[in-house]
Each structure stands twice: as C-alpha cells, then as structure tokens.
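Start from the sequences, fold in the hints, and give me the full structure.
Quick note: the sequence shown uses our numbering, first residue 41, plus one each step.
Keep in mind that the hints were calculated from the coordinates and are not lab data. Just so you know, nobody snuck in bad clues.
Ranges between beta-carbon positions, derived for each pair:
no.	residue 1	residue 2	range
1	Ile205	Ala73	37 to 43 Å
2	Phe144	Ala73	20 to 26 Å
3	Glu57	Leu145	35 to 41 Å
For glycine and all other residues, C-beta sits at the position ideal for the given N, C-alpha and C.
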Amino acid sequence: GLAALSLIGLKLGSGFEWIYFLLIDRTIYVPSAINFAFYDWFSNEANNLVLWSDSKITFGLMQPRYSLPTTSLIGLSYFGDERIIANTGWIGSGVSHFGLTGLFLYATLMGLIFRILDKNAIRLGPRLVTSLSLSALVSPMLSTDLPNGFLTHGVLVALTILYFIKTEAQVEK
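Structure representation (structure tokens):
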C-alpha cells in the first residue's frame, strides 16, 4: 500500500515527489546505504573500531579513536562531506563499536526486545504494544545507537510501561 502510494506520488511529479522520498527513500534506501558504509569502513582492518569511545555511555573515560565523530567520518568518507551526519541504527553502530561481534550482540539485544514485545502483544494485544513501542523502536532501527535508543529515545520507558500494565485477569486476583 505505502509503496504503491509512494510510486504514484513519484509519477505525479511536481510537488508529490516528497511522498516517495519520505516513504521509500528515507526509510529503506538511505538507512541501507549508511549501514553498508559503516560495515565497509569498520570491517576494514586498517580502520579502528570505536569501542564506544564516542558514546556518552563511557562517561568520557575513553579517548575518541578518530578526530571526527563516526557519523561525520562516514559522511566525509562515503558521501564527500563531513557535514553530512550519517546517523545509523543498530546494524551500523554495532559494527562500528565491536565489528561482527558487536553486530551479533546488538542483533541479540534487538531480538530480545522483539521477544518481550511479542510476549506482551499476546498478553495485552498487538494494538496497545505497537502503539507504545513503535515510535521508540524507529530510532534504533534507523538512526541511533542501541544504548542511546534505550536511554533517550524511549525504548526502556516503553518496555517498563508494558511490564507494569496489568490485564483484567491480573487485577481481579
């Protein structure tokens, strides 16, 4: 449905292209290209892994591995300008921090999050779980590091709220 709508917007042209760029380009092509750029850069043995040195999670105890933030480094190296801030989701950030081990770790964490959401969808209903968690999960999927998504984009808050919601059967006990 959304793909068809975006293609219709692209065909209509003049003023309707934004539908395509918003629905397809910014949600599929751009994040995929940035994820590949992160993978390509950090899988090269000549380039250092970041090891959370550019993350606030280390409280500044680790010195940055590069003179630029990784998002600007990838912007410069792959898109020609350091002002292009190439934000990436859990795939690119996992690779940048710990290589393929980081990708596996982040994939495992994302799998656990989705398992928790799935269990809650069975318990509370998919509409409630989706409405509480969808906006919080978009950022780690497309444009922010996973710990950042937990702490500042609402993933942890959404999971906490779901944990404390009681069903009618639980309230009656």
